Amino acid sequence: MVVQMENKITSFVNSEDVDRPVLINVEDTNIYYGDNHAVKHVNMPIHERSITALIGPSGCGKSTFIRTINRMNDLIPSARCEGKIDYHGINILSPKVDVVKLRTEIGMVFQQPNPFPKSISENIQLPLKFAGIHNKKTLRDVTEKCLKQVGLWEEVKDRLDRSATGLSGGQQQRLCIARALALKPDVILLDEPTSALDPVSSAKIEELLLQLKKDYTIVIVTHNMQQAARIADYTAFFYQGELVEFGTTKTLFTMPEKKSTSDYICGRFG
Amino acid sequence: MNSKVTNRIALSLIVLCAVIMVSTLAALLGYILVKGLTNISWHFLTSESSAFMAGGGIKDQLWNSFYVLIITMILTIPIGTSGGIYLAEYARPGKLTSFIRSCVEVLASLPSIVVGMFGMLIFVNYFGFKFSVLSGALALTVFNLPVIVRVTEDGFRALPLHQKEGGLALGLTHWHTIKTILLPEAFPSILTGIILSAGRVFGESAALLFTAGMSTPNLDFTNWNPASPNSPLNLFRSAETLSVHIWAVNTSGIIPDIQAVANGSSAVLVICVLMFNLLARAVGKMINQKLSGR
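Going down the list, the protein sequences come from chains V and W. Under the working numbering, think of the first position of the first sequence as 13, with each following residue one higher. Under the working numbering, think of the first position of the second sequence as 495, with each following residue one higher.
Quick caveat, the hints were computed from the structure, so don't treat them as lab data. Predicted model only: the values in this text are computed from it and were never measured. Where a beta carbon is used, it is the ideal one built from N, C-alpha and C, also for glycine. Be careful, since some hints might not be right.
Here are the simulated lysine to aspartate or glutamate pairs, EDC-like style, with alpha carbons at most 20 Å apart [what the hints assert, rightly or not]:
(1) V:K130 / W:E679
(2) W:K784 / V:D198
(3) V:K141 / W:E659
(4) V:K113 / W:E679
(5) V:K130 / W:E659
A few chain V residues that don't get close to chain W, going by computed Cβ distances all over 10 Å [claimed, not checked]:
(6) D31
(7) K52
(8) R61
(9) Q124
(10) K130
(11) E166
(12) S180
(13) K216
For reference, chain V alone in the conformation it holds in the complex (with noise of 0.2 Å):
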């Protein structure tokens, strides 16, 4: 299947879901580490509903950006973010921001998928709890919703109470989706999801990006172009810590405007 999807890039249609709301605006962001600009004078539109990817080539500055839109980079002490991410009228960048709210409505999940040593049940349930949310019966239905939208739920519904350590990779990332999505955010923030995965497990994942995309705000960080035309509606390439150039999927695919962004794409670096 992942075959087939591969050879149907150049043809891949997607403009049903073009011209949603915007929902974050970013507005000349940059980003340092020390002295190291990483990201510079980022303009772009995140759209409500939709998948937007970001590509490019390694260190071009795509994960340091997503990490951003939740504010993952307060944990590095040298990094610093100037400029504006709008939110709901808020900026997300500001000082004033409450960070842990944020990161309830702007969820993540990583490159290296990480369930906590728990049993599977309590990896969902962790967030819940720390809401407030005690009550035994509205657990266990979040937590089989939850498993349910990742596709989950019937390959471990009879070990719910046993270590998640002991999942496969893919089980193991879907599981960190759902358990993403039990605070039901806003926006999903993937970095790299799939890759450290398998093949048949990385087309999971990305069926179920598409299934999520109906409710949510999906932005996805990855290095392989042929899922970005896969499953985005919007597409980003970064290079050397600029956006180079943002569109539709289909746009930027097909008809690249710039000559770096048609280069990238066509195997030429990165």
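Let chain V serve as the given structure and place chain W on it in line with the hints.
What follows is chain W alone, placed relative to chain V:
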């Protein structure tokens, strides 16, 4: 000289060092156990020590060793783990942090006799705790605190960053992430470190000579009221521990069976410390297996 020969020489040197180390340890343990085990009997473990006559036991000393250890751990574990968590998770790199860290290192490398003198001046004299369980435990706290801080900090630093990111990305606060995700994961290594340090505290003598004292009142093991002067639980009575007892018997004892008592006590001490080490391994392994879900 070709590389094969160099390889052989390096290997034989390493093996030689390992053999020297293992045989020293085996000889030492063997000597202590062979000499001591014959002196250990139920009577020896459960009777009071005698000042003049032969046939005294180590009941009180054994109890004191465990009691001082428990009090020390009650004092050290909360402070030490909190300090370690602070250094690993909250302290921002800077002058203050590196100052705190070097303080911990200096504290860890203080000779225990110096800690004992300090304990005597501060706890025994200044605070007026006299030679007591409490003074001894406080001195051992000074001695043990840096170890626990270090063990905790290392335990947290060894955790993969993506676990912390996972917690924070789910909208948990930093503290809640530490409490529910990082601490349980670091727990096996912290616990192993704590048990190993317990072995060290258990065998410590120099820091206790001038703080817990070299005598024990006649303990009444039926009286568990901590306020009564001859209760085993009394914090303000003097308490000669097992290792101090070995030293005291050897240097100033006037009992006729000095050799037997010293050998027997040493064997008991070594067996206890060995048990702490084995326990640390077993518990660490058990929790690890439980956590990884096998």
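So is K52 of chain V really clear of chain W, every C-beta pair being over 10 Å apart? holds (25 Å)
Taking the minimum C-beta separation from R61 of chain V to chain W, is that value above 10 Å? holds (21 Å)
K784 of chain W paired with D198 of chain V [C-alpha distance capped at 20 Å]: violated (36 Å)
Minimum Cβ-Cβ distance from D31 of chain V to chain W exceeds 10 Å: Nearest chain W Cβ is 30 Å from D31 of chain V, so the label holds.
Hint consistency between K130 of chain V and E659 of chain W [alpha-carbon to alpha-carbon, up to 20 Å]: holds (16 Å)
Does the structure keep K113 of chain V and E679 of chain W at a Cα separation of 20 Å or less? Status violated; Cα separation ~25 Å.
For K216 of chain V, which was marked as not at the interface, is the minimum beta-carbon distance to chain W over 10 Å? Answer for K216 of chain V: holds, closest chain W Cβ roughly 20 Å.
Holds or violated: K141 of chain V and E659 of chain W, Cα atoms, limit 20 Å. This hinted pair holds, its Cα atoms lying about 18 Å apart.
Can you confirm whether the C-alpha distance between K130 of chain V and E679 of chain W stays at or below 20 Å? Given pair K130 of chain V, E679 of chain W holds - Cα atoms ~10 Å apart, limit 20 Å.
Was S180 of chain V rightly flagged as not at the interface, with every chain W Cβ beyond 10 Å? Holds: least Cβ distance 13 Å, greater than 10 Å.
Exclusion check [Q124 of chain V not at the chain W interface, CB over 10 Å]: violated (5 Å)
10 Å Cβ clearance of K130 of chain V from chain W: Label violated. Min Cβ-Cβ 8 Å, cutoff 10 Å.
In the structure shown, a violation is registered for the earlier hints numbered 2, 4, 9, 10, in ascending order.
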